[in-house]
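Trainee: As numbered in the numbering used here, residues 1 to 153 make up the sequence shown, in order.
Okay, derived cross-link-like pairs now, BS3-like style, lysine-lysine, Cα gap no bigger than 25 Å in a straight line:
hint, residue 1, residue 2
1, Lys107, Lys130
2, Lys107, Lys138
3, Lys107, Lys117
For the record, the hints were derived by calculation from the structure and aren't laboratory data.
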Amino acid sequence: MEFRRATIDDIGELVEMRMAMRAEREEGTCPLPAEEFRARTREYFLNHIPNESIIVWLAMEEDEVAATSGMCIHHVPPTYGNPSGKVGYLVNMFTLPRYRNRGVAAKLLEHLMEEAKARGCDRVALNTSKAGRRIYEKYGFLEVPNEMEYFLD
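My request is simple: use the sequences and hints to build the entire structure.
Mentor: Quick look at the structure:
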């Protein structure tokens, strides 16, 4: 298995992997037609891969994308626990079912954590599925109290 950074040329595969991940993880139905969701996802990658506001790593098995992982880096005011104010937020961690339980996601996570360190992040956060939780716990991620979320209509 080969691991490499994604480029603009990989956007088609990234979109399809994200569609597969969302279909597996989301409960209910998407509020948008599938083609609009697909188009918005494509536009996101087109806008953010070139300027590295998202860093995407791929696991390739020959010519097939076996797994994806991504990290968005954003800045918040410095805190005692995060003096740089740089936060890596992990997204798009998805492995096709036939490649699971082979350490692929763990290797992708290692690449993203190296990227976070190289970019001076003091904190890395994520939202995980039940199935993915053990990978992050094994790496050393901890649940964070006092975090909340609100969805705007």
